[in-house]
Amino acid sequence: EAQVTQNPRYLITVTGKKLTVTCSQNMNHEYMSWYRQDPGLGLRQIYYSMNVEVTDKGDVPEGYKVSRKEKRNFPLILESPSPNQTSLYFCASSPSGRTTEAFFGQGTRLTVV
Amino acid sequence: TQLLEQSPQFLSIQEGENLTVYCNSSSVFSSLQWYRQEPGEGPVLLVTVVTGGEVKKLKRLTFQFGDARKDSSLHITAAQPGDTGLYLCAGARRSGAGSYQLTFGKGTKLSVIP
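Protein chains in written order, with this note's numbering: chain F, 1 to 113; chain E, 1 to 114.
To be clear, the hints were calculated from the coordinates, so they are not data collected in a lab.
Take these hints with a grain of salt, some might be off.
One-sided excerpt, in silico: chain E residues whose CB lies under 10 angstroms from chain F [to be verified]: (1) S30; (2) V44; (3) K56; (4) F104.
Since this is a predicted model, take the numbers as computed values, not measurements.
Using N, Cα and C, we set each Cβ at its ideal position, and we do this for glycine too.
Only chain F is shown next, with the shape it has when bound in the complex (with noise of 0.2 angstroms):
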């Protein structure tokens, strides 16, 4: 079956404590993203990567770092997680960075205290 898995799906941290959230795509999809999903502001993207070890900033990138070492993996860094970064966050791919259509992960709620 084809499709965006995400670890965890949820977890609660606390500030400071360095945390890493997976995806996996078995789509053979070049293009990766990261979005965070808050009440009042909609869907965000942290980071994109367009192929292996190409990545770049999306419109909330700070206080996160990400990695493509694989085509399949995309991984959300929190290298010293902060109570603002309490959210609802999706990993998306798609078939290249030229298509628009986006499969998502089912997301992971994180809650940072």
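Using the hints provided, position chain E relative to the given structure of chain F.
Same frame as chain F, now just chain E:
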């Protein structure tokens, strides 16, 4: 400033009624997409419209892209409880890297009451 304005934000209707959701912008988009998101799930793509004036139908759902490619509407005929969810529009624009970047509206939360 929100690039894509969706209205209404909330909509509660009875089963069998018709409804229209709007997505407006002052910017021109290469294409516009509509997604539906259910609680606890990621958005799922419903349709992509590309050409100004384009109309696409998906069973009881009709999507229209404005002539100037700045706005879109989603019309649902004879709504059913299964249509309940958050409807998101997303406009695609070319980014500096030659890829497309999606900008999402805040969504319309639809509740269809049996």
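Does the closest beta carbon of chain F sit nearer than 10 angstroms to the beta carbon of S30(E)? Interface hint status for S30(E): holds (7 angstroms vs cutoff 10 angstroms).
Once the shortest beta carbon distance from F104(E) to chain F is found, is it less than 10 angstroms? With a minimum Cβ separation of about 4 angstroms from chain F (threshold 10 angstroms), the hint on F104(E) holds.
Taking 10 angstroms as the limit, does the beta-carbon of K56(E) come near enough to a beta-carbon in chain F? violated (14 angstroms)
Under 10 angstroms is the threshold here; is the Cβ of V44(E) close enough to any Cβ of chain F for the hint to stand? Since chain F brings a Cβ to about 7 angstroms from V44(E), closer than 10 angstroms, the hint holds.
Hint 3 from the list above is the single one not met by this structure.
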